[in-house]
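Chemist: In case you want the letters, here they are:
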Amino acid sequence: MFLEVSVGIIGTFNISLDKLSNGELWLAQFFRGLSDGATYASLALALVMIYKSTGFINFAQGSLALLGVYLAYVFSVEQGLPVALAVVCAMAASALVALGIERIFIRPFPPNRVLPLVIVTLGLLLIIDSSVGIVWQFRTRNLPSMFPDGAPIEWGIAQLTWRTIGNLGTVFLVVGLLYLLLSRTKIGLAFRAVSSNLESAQLVGIRVGPTLGFGWALAAAIGTLGGSLVVPDLLLEPSVMLRVLIFSLAAAALGGLDSMVGAVLGGLVVGLARNLLVTFLDLSELALATAVAVILVVLLVRPTGLLGSTHLERV
Amino acid sequence: MSPPSAATTSTPTAREHAACEYLQVRGLKAAYGNFEVLHGIDFTVAKGQIAVILGANGAGKTTTLRALTGMVVTRGSVKLAGEELVGKSTADIVRCGVAHVPQGRGTFGDMSVEENLLAGAFARKDAEVRADIAKWYQTFGVLGERRNQLAGSLSGGEQQMLAIARALMLRPALLLLDEPSLGLAPMVTRLLFEQLAAVNATAGTTMLVVEQNASLALDVASQAYVLEAGEVALAGSADELGADEGVRRAYLGY
Amino acid sequence: MALAPVVANGVQHRRRQIIGWVLFGLLVALIPFLIADTYSPTIFGNRYTVGLGNLSHAIALMVAILGLNIATGYSGQLSLGHSFFVGSGAYLTAVLVNDFHWSYFSTLVVVVPALFLFGVVFGLPALRIQGLYLGLLTFAVGAVFPSIVRLEEIADRTGASNGLLIDSDLVAPSWAPLDTLARWLHSVPGLSGRVPDGLTSRQSEAVYKYFLLIIVALGCFWLVRNILAGRVGRALMAVRDNPLGAAANGINLPAYKTLSFGLSAAVGGVAGTMYAMQSGFLGPDEFGFNLAILLIVGMIVGGSATLHGAVAGGLVIQFVPHWASQTQTVPGTDIALQGPYGGVILGALLVAIVFALPGGAATGFGRIKARLMPVVHQPPHR
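Chains as they are written, first to last, in the numbering used here: chain A, 86 to 400; chain B, 156 to 409; chain C, 52 to 433.
Errors might be hidden in some of the hints.
Unchecked claim - Which stretches of chain C does chain A cover? Using the computed rule of at least three CB atoms under 8 Å from a CB of chain A, they are:
| # | segment |
| --- | --- |
| 1 | 184-192 |
| 2 | 198-207 |
| 3 | 391-401 |
To be verified - Pairs of lysine-lysine, DSSO-like flavour, derived with a Cα cap of 27 Å:
| # | chain 1 | residue 1 | chain 2 | residue 2 |
| --- | --- | --- | --- | --- |
| 4 | B | K280 | B | K202 |
| 5 | B | K234 | B | K202 |
| 6 | B | K243 | B | K202 |
| 7 | B | K290 | B | K184 |
| 8 | B | K243 | A | K271 |
| 9 | B | K280 | B | K290 |
| 10 | B | K234 | B | K184 |
| 11 | B | K280 | A | K271 |
| 12 | B | K290 | A | K271 |
If you are wondering where the hints come from, they were derived from the structure by calculation, not from laboratory data. Note that this is a predicted model, so its numbers are computed, not measured. Cβ coordinates follow ideal geometry from the N, Cα and C atoms, glycine included.
Pulled out of the complex, with its shape left as it was, chain A reads as follows:
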């Protein structure tokens, strides 16, 4: 009886033993998961930077990355710059845009009131996404990857491509540089002080506004970099980053919204979960739903994510 039910359940998911025992398929999906995960991680890092310093989720983070990716497209495909250089230019440009947005739309609000700020970021999401739609229309485009095609290592169908290696390497490089920036530089110290205690940061002479502006610029640049990693695997169109944003939110929630290491781990786990579940449970339509399921399960077990800090509150 029990066995029958189990077989029935498994049957509905179209699991075939062929697939499950296929080591090469496992490895192939593992690599793809790492590659996807790295891209989710970079946008998640951007989300975490804003959350850490300001205490709210910037729902427009994906939109800033979208704008950045389109700029990278313009610089590389239309202006003919090498892709890597185009991405760097786009990162700088989106950082400037973010700096302006922070100055105009975010700084006028008292930093401790979260809800109006979240609403403003939703408004920015609408504005930026629609503007991108107006400027570049809805035609799909291809953004070339920064990394060469081909795979240095192959086991049958399992390929460790240059792109996977590049994506992973980029994310770890970004995390390493971020760590150095935050722990070794004066602006990093200021940023951490502002994240930790806004009032005390003011009292040691830190200019809070410019510091937060710096955080926004940095987050936008990292988000653009993440977008430039993920979009070559997809097609560039105005809603492409929205789906990526969901996976990245899942990653950030998984790791705990205020942990950078958590964001990277979360990104990799979501990337792996997505690819393995979709392949072995045959859930191609539910790739997005798996991300949601990950968020739900993690938050139910640990409401502040795996590595997030918990806060106590007194009445």
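Place chains B and C on chain A using the hints.
Modeler: Then chains B and C, alone, in the frame of chain A:
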């Protein structure tokens, strides 16, 4: 509370220091939104002295300190060594040499002790920051032992010392302390005030202390003010106020 | 211009309120006949055609915003996935009508309790997950609805990506004197130019749907008003303003949080049923992330935690993008416009409202009304 008796601003001590009044506050008003908390207060602190502000809850003591560092909307005049502070941003006031230890310590809980001290020197540009950190590790020995520990994991007294050491890292011309004894055991409080007095004696730092523990504060202070409902009700030397009948009954409990 | 001040709750004030409501009722009853034919004003040199169906759609959106308001506006639980409930209600109605041959109205018997249950299940995570984490979760859930509808396994019920045509058409019953009414209004001097002399079957269907939706919407607003005006409403607002304080005062936090999600979802489900009634066709992407954001825009722009804010919000999120999609040139100029700049306008409106009028349009109306028709509050009699 009785009206000003023997003690007024024109005491001999105050007159002696009139020439070198370091911090000069005139008609200071501060408001939260439409609600005015300080109704134009005047006081002075002489260079190298410790002044204490006493007063009941809600008298405006904390607001006075917050007004001095531009943390509330402020009108009036605050002059430090002749330089006007009202109208400057908090960051600029700090650069004028005013360090503020806020009520409830306000350490950076998820940064290490050493990083807290580094942050305290944020507004400084000289190369002696490391030397100063070593110096305060000597003064506050427990901080040296825990230099790599997260500030949030320190005990209340240790956090208070860290907050003061962090403020001192500015090499402040004026140190503002908001209820440094809050939540500390009597022994720790006494130790803390001894250390403050020592810092004052060696570094010559001018200090303005808001304190509920009036007897201890009056011991180390040379000048004292009593705030009542947003106005200065009494002013004088610490000894005079310590001897004042009203102050004794209201704040010293004998 | 302004009327003389009246005393709050005095006879004159009551009279004025009654007159106000009667005028409002007349307007609501008159509008469908006025735009039974499409109405095409020219706004800033751009022709704008609006049909009665657009207005009916706005009514469904008002109810959806009303539902969102219960969980988010009144109880302060950021829900960025309310589209999930609206979509579920719409698809549930469609499946019941198509495959089980129910009438639209009778589907409410299933939709309301089913969606209430949905909401409760949805609200359970909200007990542990707070604030932005909840916003994040609901955002994801809202975004995932279209891909659930698209699942091949349920394609024969939902139509998957192709969308779902609902078989039953709502036809005005013979006893409804819509045609006669239109003829009569046509004979009223001043209205004859606008109201057609008798309705075509297509027009009378649209007018009939409009009145059905108005009735459902009035029922929803009335129920929600009564629920929120009492003990439950006060408890929900206490939960919003200070959850721990509310709990310390004996409010059963989990119960009220789940209740608010349940109510919110049930009202959202009714909005979905209304949507199905109005359009007769459902596509998965209509209930995606975009709708969720639009509802937030409507709630904030109209004024969160207010009932008439939901009305204003519904009108805004229906007509701003609709108008924008038809406008070809920048108002007042010849510069051509192309693309989704309705989204830009809504986004800008959202940001502007948060900046300038945190209470939303409802507060703005209130201020204007207080200026034009002042009401003075009298101290209580001794």
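Chemist: Against each hint, give a clear statement of whether it holds in the structure.
Modeler: Verification of the hints:
Coverage of the segment 184-192 of chain C by chain A holds [criterion: at least 3 residues with CB-CB distance below 8 Å; count 7]. For the segment 198-207 of chain C, the proposed coverage by chain A is satisfied: 5 residues have a C-beta within less than 8 Å of a C-beta in that chain, meeting the threshold of three. Counting residues of the segment 391-401 of chain C whose CB falls under 8 Å from any CB of chain A gives 10; the rule of at least 3 is met. Restraint check for K280/B and K202/B: satisfied, since their Cα atoms lie roughly 24 Å apart, inside the 27 Å limit.
At roughly 13 Å between alpha-carbon atoms, K234/B and K202/B fall within 27 Å of each other, so this suggested pair holds. With a C-alpha separation of about 22 Å, the suggested pair K243/B and K202/B falls inside the 27 Å cut-off, and the hint holds. Restraint check for K290/B and K184/B: the C-alpha separation of about 38 Å exceeds 27 Å, so the hint is violated. Proposed proximity of K243/B and K271/A is supported: the alpha carbons are some 23 Å apart, at most 27 Å.
With a C-alpha separation of about 18 Å, the suggested pairing of K280/B with K290/B holds against the 27 Å cut-off. The hinted pair formed by K234/B and K184/B meets the criterion: a straight-line CA distance of about 14 Å does not exceed 27 Å. Distance restraint check for K280/B and K271/A: the Cα-Cα separation of roughly 11 Å lies within the 27 Å cut-off, and the hinted pair is therefore satisfied. The straight-line distance between the Cα atoms of K290/B and K271/A is roughly 21 Å, inside the 27 Å bound, and the hint therefore holds.
The structure shown violates just one earlier hint, number 7.
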